[in-house]
Amino acid sequence: MKFNLEKSLGVSVQSCQPDQITLQMLSQGGDAPVQETRVCTKSVVLCPTGEVIDWDLNHFDALTESHFGLVWQHQPELVIFGTGQSQHFPAARLLEPFARSAIGIEVMDTTAACRTYNIVQSEGRKAMALLIIES
24 MKFNLEKSLG VSVQSCQPDQ ITLQMLSQGG DAPVQETRVC TKSVVLCPTG
74 EVIDWDLNHF DALTESHFGL VWQHQPELVI FGTGQSQHFP AARLLEPFAR
124 SAIGIEVMDT TAACRTYNIV QSEGRKAMAL LIIES
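Using the working numbering, the final residue of the sequence shown is 158, and nothing's skipped along the way.
Honestly, the hints are just simulated from the structure, not real lab data.
Don't be surprised by glycine CBs; every beta carbon is placed ideally from N, CA and C.
Hints are not guaranteed to be accurate.
[Said to hold, decoys possible] Straight-line C-alpha distance at most 20 Å; calculated SDA-like pairs for lysine to any residue: (1) Lys149 / Gly33; (2) Lys149 / Arg123; (3) Lys149 / Met131; (4) Lys149 / Ser124; (5) Lys65 / Gly52; (6) Lys65 / Gln51; (7) Lys65 / Pro41; (8) Lys65 / Leu86.
[Claimed, not checked] Cβ-Cβ distance ranges computed for the label pairs, FRET-style: (9) Phe112 / Gly53: 44 to 50 Å; (10) Ala135 / Gly52: 43 to 49 Å; (11) Ala122 / Gln58: 35 to 41 Å; (12) Ala115 / His82: 17 to 23 Å; (13) Ser158 / Gln47: 18 to 24 Å; (14) His111 / Thr64: 30 to 36 Å; (15) Arg116 / Val57: 38 to 44 Å.
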């Protein structure tokens, strides 16, 4: 029996519409890379490790500090926060922990966040995207 370790090579955003984001995921499985497409219709977190996690936040107005818990687990150098169809800035009290932890955060609408995430990922930076898909 042969075991193959599957290692994530990265995630990129293929397309972004107001109600869904299509991701292209590339992993190393056995002798050749494996490419997979995933369509997300709910908010999602793209981790620096290539992991994609469903995010329990469907509108910016429901944002609390607990929604940033994954950030502290992964310790990225940069967080790209897509706030839905419009750009909204979190309260200062929610952004203070980022400054204390020396983690940059860029806030923009989700479509712009998807484009920015692709650029930052292509540069090989340790970035994380928090992307709200409003429902």
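Hints, one by one, checked against the model:
1. Lys149 / Gly33: Given that 20 Å is the threshold and the Cα spacing comes to 11 Å, the pair holds.
2. Lys149 / Arg123: 18 Å, holds
3. Lys149 / Met131: 19 Å, holds
4. Lys149 / Ser124: Roughly 15 Å between the alpha carbons, so the hint for Lys149 and Ser124 holds.
5. Lys65 / Gly52: Roughly 27 Å separates the two Cα atoms, so the pair is violated.
6. Lys65 / Gln51: 26 Å, violated
7. Lys65 / Pro41: 11 Å, holds
8. Lys65 / Leu86: Given pair Lys65, Leu86 holds - Cα atoms ~15 Å apart, limit 20 Å.
9. Phe112 / Gly53: 44 to 50 Å: 45 Å, holds
10. Ala135 / Gly52: 43 to 49 Å: This hint is violated: roughly 32 Å between Cβ atoms.
11. Ala122 / Gln58: 35 to 41 Å: 38 Å, holds
12. Ala115 / His82: 17 to 23 Å: At roughly 20 Å between Cβ atoms, His82 and Ala115 fall inside 17 to 23 Å, so the hint holds.
13. Ser158 / Gln47: 18 to 24 Å: Because 23 Å falls inside the window, the suggested range holds.
14. His111 / Thr64: 30 to 36 Å: At roughly 21 Å between Cβ atoms, Thr64 and His111 fall outside 30 to 36 Å, so the hint is violated.
15. Arg116 / Val57: 38 to 44 Å: 42 Å Cβ-Cβ, so the 38 to 44 Å window holds.
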